[in-house]
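Number of protein chains: 2
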Amino acid sequence: MKLSHYFLPTLKETPAEAQIASHRLMLRAGLVNQETSGIYTWLPLGLKVLENIQKIVCEEQDRIGCHKVLMPTIQPAELWKKSGRYEAYGKEMLRITDRHDREMLYGPTNEEVITDVVAQYVKSYRALPLVLYQIQWKFRDEIRPRFGVMRGREFLMKDGYSFDLTVESATETYKKIYEAYLRTFNRMGLTAIPVRADTGAIGGNLSHEFQIVAPTGESTIYYDVQFDTLTPEQMTFDRASTLYAAADEMHKPEDCSVPVGQLKEARGIEIGHIFYFGTKYSEPLGAKVTTQDGKTIPLEMGSYGIGVSRLVGAIIEASHDDKGIIWPEAVAPFKIGLINLKAGDTKADTLAEGLYTQLRTAGIDVLYDDRDERAGTKFADMDLIGLPWQVVIGNKTIDTGMVEIKYRKTGDKQDVSLDKVIELVR
Amino acid sequence: MKLSHYFLPTLKETPAEAQIASHRLMLRAGLVNQETSGIYTWLPLGLKVLENIQKIVCEEQDRIGCHKVLMPTIQPAELWKKSGRYEAYGKEMLRITDRHDREMLYGPTNEEVITDVVAQYVKSYRALPLVLYQIQWKFRDEIRPRFGVMRGREFLMKDGYSFDLTVESATETYKKIYEAYLRTFNRMGLTAIPVRADTGAIGGNLSHEFQIVAPTGESTIYYDVQFDTLTPEQMTFDRASTLYAAADEMHKPEDCSVPVGQLKEARGIEIGHIFYFGTKYSEPLGAKVTTQDGKTIPLEMGSYGIGVSRLVGAIIEASHDDKGIIWPEAVAPFKIGLINLKAGDTKADTLAEGLYTQLRTAGIDVLYDDRDERAGTKFADMDLIGLPWQVVIGNKTIDTGMVEIKYRKTGDKQDVSLDKVIELVR
Chain A
970 MKLSHYFLPT LKETPAEAQI ASHRLMLRAG LVNQETSGIY TWLPLGLKVL ENIQKIVCEE
1030 QDRIGCHKVL MPTIQPAELW KKSGRYEAYG KEMLRITDRH DREMLYGPTN EEVITDVVAQ
1090 YVKSYRALPL VLYQIQWKFR DEIRPRFGVM RGREFLMKDG YSFDLTVESA TETYKKIYEA
1150 YLRTFNRMGL TAIPVRADTG AIGGNLSHEF QIVAPTGEST IYYDVQFDTL TPEQMTFDRA
1210 STLYAAADEM HKPEDCSVPV GQLKEARGIE IGHIFYFGTK YSEPLGAKVT TQDGKTIPLE
1270 MGSYGIGVSR LVGAIIEASH DDKGIIWPEA VAPFKIGLIN LKAGDTKADT LAEGLYTQLR
1330 TAGIDVLYDD RDERAGTKFA DMDLIGLPWQ VVIGNKTIDT GMVEIKYRKT GDKQDVSLDK
1390 VIELVR
Chain B
970 MKLSHYFLPT LKETPAEAQI ASHRLMLRAG LVNQETSGIY TWLPLGLKVL ENIQKIVCEE
1030 QDRIGCHKVL MPTIQPAELW KKSGRYEAYG KEMLRITDRH DREMLYGPTN EEVITDVVAQ
1090 YVKSYRALPL VLYQIQWKFR DEIRPRFGVM RGREFLMKDG YSFDLTVESA TETYKKIYEA
1150 YLRTFNRMGL TAIPVRADTG AIGGNLSHEF QIVAPTGEST IYYDVQFDTL TPEQMTFDRA
1210 STLYAAADEM HKPEDCSVPV GQLKEARGIE IGHIFYFGTK YSEPLGAKVT TQDGKTIPLE
1270 MGSYGIGVSR LVGAIIEASH DDKGIIWPEA VAPFKIGLIN LKAGDTKADT LAEGLYTQLR
1330 TAGIDVLYDD RDERAGTKFA DMDLIGLPWQ VVIGNKTIDT GMVEIKYRKT GDKQDVSLDK
1390 VIELVR
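Protein chains in written order, with this note's numbering: chain A, 970 to 1395; chain B, 970 to 1395.
One chain only, chain A, in its complex shape:
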């Protein structure tokens, strides 16, 4: 993509309303535009990150045999009356009346809709276990939206729902998804700590939140320092869930068996939340199957959420510096920023265009800064938007065929010849 033809409105000034780094950087780097309180338009660069995150989430869900569906954003109120949550949900639920005065709502979560779908079509134990998931926009009418996409009102979430015949099978499903979540976050360059959590509005008996450590985290988490020593492969449910980790409302110092010197206290950002709640929804909504013995029993259910739009902010909170964002490679909007310091100079343009074509032919996503701007502006913008690699074409390239390559994360720079660029960044 050539920057001169792209829509990337970066800001020089820091927007006054933004209190935390991710919010400031998302506005300054032209990732989003606020439409009204807690509601955003995703601009091209931000949308690419959002789509990269979605792709990883879907791949890890599909890998363990979950099936992707898509529920509507607008739902009939009836289902929520059946489950008993219509009154209970309070003012965070965006309630709507259609032209025929029917009560509707903008789904804040989808246990009711999916349970009703399964109740209609799944009649036999042979169809189980079954996990259905979607990535869809949700709305929660927060009283005070803040921190940009971290606590917005309209937000993108992956929500999954599991249906099993028995408690044992449901627990196995829960473990499988727990581990898939850890893999998902790991692929995004994040170390997530699964903490025991309150089941809150969803209800149920077993629940974990996935938290990443960041100074701006909204809650305090307490966890065994051993978490910091586990490799991703060692983060199985059976291992990780025996280590102490709790969100503040679940932490009881008197019940904590971890020695003080081994207990870490940190601020955490919640990026995922999973629940096992048995028959809480399958009973009232009639999701029942016939067992092998001919009995009819309600399904054992769980639900599993990942804050997809929130993750964009959370990743930035975990990975930035004074100059801007530092994207982990797996979610970066482009892999390389190609900076032509002598845009307009025929030789430099030819060399830059050549390298640009070469990189694209190799399937590498590159943003080419071909603008007629000062070097300082180009470097600052490139640091701000945080692509993993920066490749600089300048006088040196014209004279010697060497380009400067900077790795954004460490700031390390090296000169390489034009024909070695692809080899280095692959």
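Don't read these hints as lab results, they were simulated from the structure. Keep in mind the model is a prediction, meaning the values are calculated, not measured. There could be a bad hint or two in this list.
Copies of the same chain are indistinguishable here, so a pair counts whether it falls within one copy or spans any two.
Stated by the list, open to error - Simulated pairs of lysine to any residue, SDA-like, Cα-Cα distance not exceeding 25 angstroms:
(1) K1051 x T1248
(2) K971 x T1135
(3) K1037 x N1021
(4) K1304 x K1389
(5) K1292 x K1389
(6) K1037 x E1020
(7) K1347 x Y1058
Please build the complex by placing chain B on the supplied structure of chain A, with the hints as guidance.
What follows is chain B alone, placed relative to chain A:
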């Protein structure tokens, strides 16, 4: 994907409420589930088609240099008051009040939001031309939703918006997108006829609807028979727009220069609609730029829509038979249906599993019917869901290593040896 582990709830009975083929078949083939009037959940098979369509739409938009964004579904009413459409839109607009009593709405289209975004960030003629598009859910509170996803209330649309400095440049952009639309539909196996159309609620001076011919079409279209002879390559704006083609409200027999014998009358389904409307929105919303001469002028705009969820129904209307859907390859949810007639037989299972693995390794998307069901049920389900190819493993395969391959579209069958399957279906 193994059918025994998939979520594909096909129905034997034809749902009473469905009046047209696509609605009936979408329900029977387990593509969607109705949640309430005009609002659907997309089940796994339907969602795959919807995603395939989106992919083609995006590729053709990106190819001509459009940039993808994503606007929120919920918008503040203020912008619509500025444009004058808040009152004008009537009851089809889903109006919402949030917890702070602010007036909001579920976007039925997005001229206001995108013009406001561009007004904030685009200040110079140098950023032009600019085309931004999105694929996002819309809501129109139809008084009588019907025909399934063809006239739903919550529907998925690609909406694009162009911004140009001059009328001439805006016209060039309009032509470029017109041609991209024809390529888009052509890739989906559809022949779309661009007819001159009324500009309706969007307003403006130039507009085309893209219609496909189907007996269940909602409007009558009149077009020069020469359209039926043009190759996709010949369908340029300059050529196609000189041929007579009009939707009924624009058709004036007295002004039609086409000889009666050369004028076709048919029912059409609208799958796209494009508008050029000049400064209708840029004026009131302040989207203005500085020209090279230092003047400040409002942008010339157009908007461009494709009914993405509607296309799923439209494609079925254009391509089905008594037995079910016939998916064009480019949008088919799977390329191949692999039917094991002897599921449970060790030899048949081994052969089927082997072919299944081989096909997947070759990157071919295959649905493997490994269920313990009667042959009749398996054939009927496979015809119903309409995958392009059916590959049958049975007694013959065990005895001679030959499989039967059926091409769904023509019904042609042939026997080939197991090792030739990939070659044939590629």
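Evaluated hints:
1. Only within a single protomer do K1051 and T1248 lie at most 25 angstroms apart by alpha-carbon distance; the minimum there is 14 angstroms, versus 50 angstroms between protomers.
2. Taking the shortest Cα distances, K971 and T1135 sit within 25 angstroms of each other only across copies (23 angstroms), while inside one copy they are farther apart (55 angstroms).
3. In this homomeric assembly, K1037 and N1021 come within 25 angstroms of each other (Cα to Cα) both inside a single copy, at 17 angstroms, and across copies, at 14 angstroms.
4. Taking CA atoms no more than 25 angstroms apart as the test, K1304 paired with K1389 passes inside one copy only; the shortest distance there is 16 angstroms, against 40 angstroms between copies.
5. Taking CA atoms no more than 25 angstroms apart as the test, K1292 paired with K1389 passes in neither setting, with 28 angstroms inside one copy and 58 angstroms between copies.
6. Within a single copy, K1037 and E1020 get their C-alpha atoms as close as 16 angstroms, and across copies as close as 11 angstroms, so both meet the 25 angstroms cut-off.
7. For the identical chains of this complex, K1347 and Y1058 are neighbours neither inside a copy (49 angstroms) nor across copies (45 angstroms), given an alpha-carbon limit of 25 angstroms.
In summary, the structure is inconsistent with hints 5, 7 from the numbered list given earlier, while agreeing with the others.
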